[in-house]
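Mind the numbering: the sequence shown is residues 1 to 609 in UniProt numbering, read in order.
These aren't lab readings, by the way, just hints derived from the structure by calculation.
A portion of the hints provided could be inaccurate.
Claimed, not checked - Derived SDA-like pairs (lysine to any residue); straight-line CA-CA distance at most 25 Å:
hint	residue 1	residue 2
1	K563	Q472
2	K353	Q472
3	K469	E562
4	K357	Q477
5	K563	D398
6	K469	D423
7	K342	G402
8	K357	V294
9	K253	D544
10	K353	W507
11	K253	S224
12	K253	L599
13	K357	W507
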Amino acid sequence: MGVSLQQFLLATCTHAAFTLAAQPQILADTNRDGVINDLDINNKQAWTDQRGAIFIPNIGDIHQRCSAIDANGQPLGNRELSMCNDASGDTLLVPEYAAPVRTSPLSNLSADAMGRIYTRPESALDRVRIFWNQYGYENAYNSSWRLTDPQFLFNATSIGQGLELAVDATELVTGSTSWDGRVSIVYEITDANVTRSDSVALQQAPVLFHHHLQGVETVLTMDSDDTTSSQARFVQSMQNTLERIPGGLPLRKLEAVGEPWAQDFMEPGYVSMPGPDRPISIRVLVRSAQSTRVAGRKVFEELRGPGVGGHQLGPGSGFGHEEINSGGNIETIPPYTSRSGKHWAQGRIITAKHFGKYPAQSMIDFMVAQEAQSPLILEAGWLAVGHVDEFVQFLPSDNHLGFTIAVGDAMLGLEVLQRAQYDGHGSTIVNSFDGDMTPYPNAIFLDPETRNTTIDNLLSDDDFIQTNKYGQRYVQQNLDLLLQEIPLDEAEVLRVPALWRDVTYPWPLTLDGLPPRLHRTIPGERQLAAYMPAAVNGLVLGSDYISAKPWGPLINGQDPFEKAIRDVYGRVNMTVHFVDDYMSHHVQGGEVHCGTNSLRDTSVPWWNT
1 MGVSLQQFLL
11 ATCTHAAFTL
21 AAQPQILADT
31 NRDGVINDLD
41 INNKQAWTDQ
51 RGAIFIPNIG
61 DIHQRCSAID
71 ANGQPLGNRE
81 LSMCNDASGD
91 TLLVPEYAAP
101 VRTSPLSNLS
111 ADAMGRIYTR
121 PESALDRVRI
131 FWNQYGYENA
141 YNSSWRLTDP
151 QFLFNATSIG
161 QGLELAVDAT
171 ELVTGSTSWD
181 GRVSIVYEIT
191 DANVTRSDSV
201 ALQQAPVLFH
211 HHLQGVETVL
221 TMDSDDTTSS
231 QARFVQSMQN
241 TLERIPGGLP
251 LRKLEAVGEP
261 WAQDFMEPGY
271 VSMPGPDRPI
281 SIRVLVRSAQ
291 STRVAGRKVF
301 EELRGPGVGG
311 HQLGPGSGFG
321 HEEINSGGNI
331 ETIPPYTSRS
341 GKHWAQGRII
351 TAKHFGKYPA
361 QSMIDFMVAQ
371 EAQSPLILEA
381 GWLAVGHVDE
391 FVQFLPSDNH
401 LGFTIAVGDA
411 MLGLEVLQRA
421 QYDGHGSTIV
431 NSFDGDMTPY
441 PNAIFLDPET
451 RNTTIDNLLS
461 DDDFIQTNKY
471 GQRYVQQNLD
481 LLLQEIPLDE
491 AEVLRVPALW
501 RDVTYPWPLT
511 LDGLPPRLHR
521 TIPGERQLAA
531 YMPAAVNGLV
541 LGSDYISAKP
551 WGPLINGQDP
561 FEKAIRDVYG
571 RVNMTVHFVD
581 DYMSHHVQGG
591 EVHCGTNSLR
601 DTSVPWWNT
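Whenever a hint applies, use it, and build me the whole structure from the sequences.
Printed below as a string of C-alpha cells:
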C-alpha cells in the first residue's frame, strides 16, 4: 500500500537531512497508476512496455483560437493550418493534458545552490515542454505554470521546497525525424561546486487508430447545401436510423465541401496516458495523405477543438488526391495474438496496395513510428476505387477472439440470384431502385440500364460471371492472408452476399500536373465496382449495423438480398438497419461506410495490455 505523495516527500526530505543533503530526486508516474508516490522510485530511468511514465502531445485547441485564414482573409496553407494548437506557444493552456513530474524537497542546501531541468536526447529539446508551477496556484484568470529551459536556473528556496512540474509534447512522432518519443528528464543540482543529478524516463503515447470493438460516441457525415439532394436524404435517413438505435447516437454533420466522403479525408485516432481516476486522452484526427483534398482541411477548420487535435502528414508523398490514400483504405483489426505469437494489444492496421503502387510513404512511416499497430498490406488493385472497406470488415463476435472477419462474397451473391431463378423468378428485374436516376457529374458509376436487366439476363452473361469470379479470387486471396495472420477458423468468417461489375477504364494519366485520382490497372487485370450497393461496406455500431439498402430484385414484395444480409449479420447477433445510399454514394463508387465516420471511445488504458 503506497503512502501519500505528501508523506513520501516529507520522508524523503527528512531522510536527506541525515544522509546526502543535496542528492536530487525526480519522479514521474513510472508505475502508471495516475499518481506519483514511493511506488515510482524503482526502475524509473529505463522505459519498458511494462513500466515507465507516459506523456501526450497537447495538440487540441481549448480556446478555439487557431484560425483557418490569415490577416488578409486568405486561407492558410496546409502546413500553416496544422501548426497551431495548445502546445504551439510558451503557455500551458491545458494543464490536465500535461504529465505530472515532481522533485523531492531537499534540506541543508547552501543559499548558493542552483538547479536546472533539461531533456535528453537533444532531439527532444523543441518537442517536449517542461513547465514549473512557480506559485502553486491555477485559476481561470492566472496561471503560475512557467515554461522552463535548460538554461533556466532554480534557486535554493525552490529546490528545497520541491518542484511541481508538468510535461507535454508539441508534436506527434511521425517517423520522418530523429524524434522517437523517448525522453529522459534530468534534474541537476550544483552546490558547493559539486553537481549531482537524477533522471526519469518518459515516452510519448502512440497515436492509436480505432477498431470496431470500441464504443461509438459520435457518427460523422457530410451535410448537403441542397435540401432536395440525394445527400440530404441520406443524412436524414442516417439521423432517423441513429435515433432508433437503442440509446441513440448523435450525428454530427460537417459542412458541405462538394464531396460526401466523411470516411476518406481523415483517420480518427487518439493518444492517452494514466490519470488519477481514468485515462486522460486527446482525440487525434490524422488527415489523409491527399494534399489537394479540400475536405481534409475540415480536420483543422471544423473538428479541431477542446481535446481534439489534428495531424498533417509531411511533404514528399501524398501529393494530390489519389484514392489509394483515402481513409477508407485504412481499417484496424481488433486486438489479437497472431499465429506466430506476436501480440497486437491495440490491434493492427490494414491498408492495401494497388498491385505495384503503395499508399503514401508519409502515412506508412507514421503508422510504423507509433510502434503499436504497424500495417498489414492487402491487395485492392482489382477495384476501381481500391479501398479495403469495399470488401472486408471486422465485427464483434462471441468467440475466443471477440471478433470475426466479414468479406463480400460474390459466389453467395450469385447463389441468391440462382435460387430466385430456380424458383421461377428469372424474369424479375435485378435492380429495384425506384428513385430518380438523373446523372450528375460525380456519378461516374451510374448505369440506368440496370433497371432493364433481369435475373436471367445477368446469369446468362458470361462476362458478368467471369467478373465476379475474378473479384472472388482476390477477396479469397486477401482473406487467406488475413487468416495466415489471425488465428480464426475460416468457418467462422462471415460471407456477405455481393456482386461486382467490370468498370475498367483508361483513366487520365495526369491532370494539371497532379497524380490521377484513379489509376489505370496493369495489363491483364480488371477494375471492379459494386454492382449493387455493397452491404459489407457499412457502419459497425456495437450490435447494430447500418448497411446500404441493396435494392435487389423484389420477389413477392421482398428483397432476397436483404434477407440474406440480415441472416449473415444475425449470426453474430447484430441488428441490420438499411439506409438508401444509391444516388448519394453508390453511383460515385462508395457506400454507407465511405459516407460516414465514427468517433469512438478514447478512454483505453493501452499501457495495461
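We went through each hint and held it up to the structure:
1. K563 <-> Q472: Satisfied, since the Cα-Cα distance of roughly 21 Å is no more than 25 Å.
2. K353 <-> Q472: Holds, at roughly 17 Å.
3. K469 <-> E562: Between K469 and E562 the Cα gap is close to 22 Å, so the pair holds against 25 Å.
4. K357 <-> Q477: With a Cα-Cα distance of about 18 Å, the restraint between K357 and Q477 holds, given a limit of 25 Å.
5. K563 <-> D398: holds, 22 Å
6. K469 <-> D423: Judged against 25 Å, a Cα distance of about 24 Å means the pair holds.
7. K342 <-> G402: Roughly 17 Å between the alpha carbons, so the hint for K342 and G402 holds.
8. K357 <-> V294: This hinted pair holds, its Cα atoms lying about 23 Å apart.
9. K253 <-> D544: Holds, because 20 Å separates the two Cα atoms, which is no more than 25 Å.
10. K353 <-> W507: holds, 18 Å
11. K253 <-> S224: holds, 9 Å
12. K253 <-> L599: holds, 13 Å
13. K357 <-> W507: Holds, because 16 Å separates the two Cα atoms, which is no more than 25 Å.
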